[in-house]
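Participant: Same order as they appear, the protein sequences are chains A and B.
Numbering-wise, my numbering comes out as the position in the first sequence, counting from 1, plus 67.
Numbering-wise, my numbering comes out as the position in the second sequence, counting from 1, plus 898.
Please note: incorrect hints may appear among the correct ones.
[Said to hold, decoys possible] For lysine to any residue, the following SDA-like pairs were computed, each having C-alpha atoms within a straight-line distance of at most 20 Å:
1) Lys235(A) - His170(A)
2) Lys1156(B) - Asp214(A)
3) Lys1156(B) - Tyr212(A)
4) Lys1102(B) - Lys1156(B)
5) Lys98(A) - Arg124(A)
6) Lys1156(B) - Pro169(A)
7) Lys1156(B) - Lys235(A)
8) Lys1102(B) - Pro987(B)
9) Lys1156(B) - His170(A)
Please keep in mind that the hints were generated in silico from the structure rather than gathered at the bench.
Each chain is listed here by its residues.
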Amino acid sequence: MAREATKQAAAPVLELRGISKRYGRALVLDKIDLTLTEHEVVCLIGASGSGKSTLLRCADLLEPIDGGGIVLDGQPVRADDRDADTTRRQLGIVFQGFSLFPHLTALENVALAPRVALGLTAAAAEKRARALLKQLGLAAKANAYPDSLSGGQQQRVAIARALATEPKVLLLDEITSALDPVLVADVLEALRALAKGGMTMLIATHEMAFAADVADRICYLEGGRIVEQGSPEKIFGAPRDARTRAFLRRVRSVGASALR
Amino acid sequence: MTAARSARKGTLVAVVSTLAVATLVAISIGSSPSWPLVQKAFFDGTYFSSSLPDVIGAFAINIQLFVLAEILILPIGLLIALARSITNPAFTPLRIFATIYTDFFRGVPSILLIYVLGFGVPALRLPGVPKEPFFWALVTLVLIYSAYVSEVYRAGIESIHPSQERAARALGLTRFQALRYVVLPQALRRVVPPLLNDFIGLQKDTALVSILGVVEAFKQAQILKSANFNFTPLMTTALIFLVITIPMTRLVDRLAAKDRAAQQGGAR
C-alpha cells in the first residue's frame, strides 16, 4: 500500500495504444490499451489463446502490429529496423522456453547483449553479468553451460540476461509453465525480489496465487481484449464481469495447470 | 566380467569371419587363369617401388591445389550461403545470384568446367588474364566446391531453431549481430563433419587437373604407365590418395559420433 502512494505521481513507462494483431484472418489482439507506470507490476491472466503472449511479443516489437502504437518513455516507437533494435534494448523479455544460447556459458549468455548491443567493454559487461547472476543466486554457476543447469536455473539465467541491458520494463511470458512445481518457487521468488526492487514488469502467467501476491494490477484477457482490470483484491475477490468470474471458477475447479 | 568376455568373444568372431572372407576372395581371384598376367600389369613390386618417389613428388601439386582451394572455398561458400539466407527484399538480386550460382555449379560436371575454363579462357588471349593450367584448375575447383559447401553452411544455419535468433533480437542485437554471435557459432559447429566430407571429394577431384596437362600424381602415373606399358604406377597413385583420405574419413565418422552424443546430452 505504501508503494501505491508513490505510484500515483509516477510517469507512464510503456503505453500500448489500441494494439491490434491478426494472424491471417484471426484477430488475436483487438485494440488493446494498456499503460504501465514506473515500478508497476501488471499481470496478464486468461486462457491459452487469449492473446497474452502475442501482446508481449508485440510490445517487444518481435511481431509486427497491425494497428495502434507503442509509446516508450514518452517517445513513440517506430517499428523500422534500427529503431526497433534500440527499443528492444530498453525492454527485457523472458520466454517460456528459456531460449538460452547453448554454446555460451551462463556468464557469457548474460554478458553478450551488454558487450555487443550496448557496446560495453568485455570487462564491464562481465562485471555486470556477474552481479546479475549473483543477484539471482547463480554466482556459482557462472561458468556452467545451459545444458548442465536445471530448468529453474536456466530460467533465472534467462531473467539475468533480460536484465543485462538495464531495461525500463521487463516482459515475462509464462516463464514458469515449462518448469516442475519445485523449481517454480525459485523463479517466482526471484521475480518477487525484482518487484520489491522497483522493476516495472508485465507478466503473462497462469500462477494465480503468484499474480495475487506480486501484482499491482491484474488484467483479464479473453478473445484479444482486456475484459476487466483492477487490483488483485478486486479481480480475485469481487470480479464484476461474468466472463472473468467464469474463468476464475474454471481455474479454481480444475487447477491452473490444466489451462496451459 | 561377462560383458568383457562376450566382448572378447565378439572380437574373435569378427576376426575369424573377416579372415575367412578375405581368404575366399583371394583364392577365387588367384584361381583365375589370367591372374598372373593381371598381377604383372597392375601389381608389379618393382614398378611399384620405382614409381613411388615420382608419384609422391607429383602429389605435392595435388596437396598445393587442395590446400589453396580449401582456403578459398571456406569463406566464399559462407558468403554465398549468407547471401541466400538474407530475407531483406533490397538484397533480392544478391539472393537470386547466389541461388543461380549454386544451382549452376552443382549441376555442371567438374570435368566439363575444367575443359571450358582451362582451355577456353586462356584461348581468348585477354591481356592480364593468367594462362597457367594450375590457376584455372584452382578456379574450377573453387567455383564448384564453393557451391557444395555453401549448401552445407546453409543447412547448418537453417538447423538452428528460430527461437535462438528471436532471443538475440529481443536483447537488442541487430540481425547481423544475432547471426554473428548466436546463429553462426552454433551452425558452424554442426557442419564440420559434412564439410570434411566435401573436402574428401575435393582431394580426389584434384586429379582432374591432369586434363590440363598439369603433372600431378595421376598425370605422373600416366606418364610412367605409358613409358613402361605397366599400370602399376596408377595403383601407386591410388594408394597415396587412400593414405590421405581414409584417415580423414575416420575423422569425419568420429566427429559425427561426437556431435550425436553431444546433441543427445543436450536433449536431457
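Participant: Could you run down the list of hints and mark each one as holding or not?
Facilitator: Taking the hints in turn, this is what the structure says about them:
1. Taken as a hint, the Lys235(A) and His170(A) pair is broken in the structure, with Cα atoms around 28 Å apart against an allowance of 20 Å.
2. A threshold of 20 Å between alpha carbons decides the hint, and for Lys1156(B) with Asp214(A) the separation of about 16 Å falls inside it, so the pair holds.
3. For the hint pairing Lys1156(B) with Tyr212(A), the CA-to-CA distance comes to about 17 Å; that is within 20 Å, so the pair holds.
4. This hinted pair does not check out: Lys1102(B) and Lys1156(B) have alpha carbons roughly 26 Å apart, beyond 20 Å.
5. Distance hint between Lys98(A) and Arg124(A) is fulfilled; the C-alpha atoms sit about 15 Å from each other, no more than 20 Å.
6. Simply put, Lys1156(B) and Pro169(A) have alpha-carbon atoms about 16 Å apart, close enough for the 20 Å limit, and the pair holds.
7. Restraint check for Lys1156(B) and Lys235(A): not satisfied, since their Cα atoms lie roughly 43 Å apart, outside the 20 Å limit.
8. A hinted pair counts as satisfied when its Cα atoms are at most 20 Å apart, and Lys1102(B) with Pro987(B) does not qualify at roughly 40 Å.
9. A distance of roughly 15 Å separates the Cα atoms of Lys1156(B) and His170(A); the hinted pair therefore holds under the 20 Å criterion.
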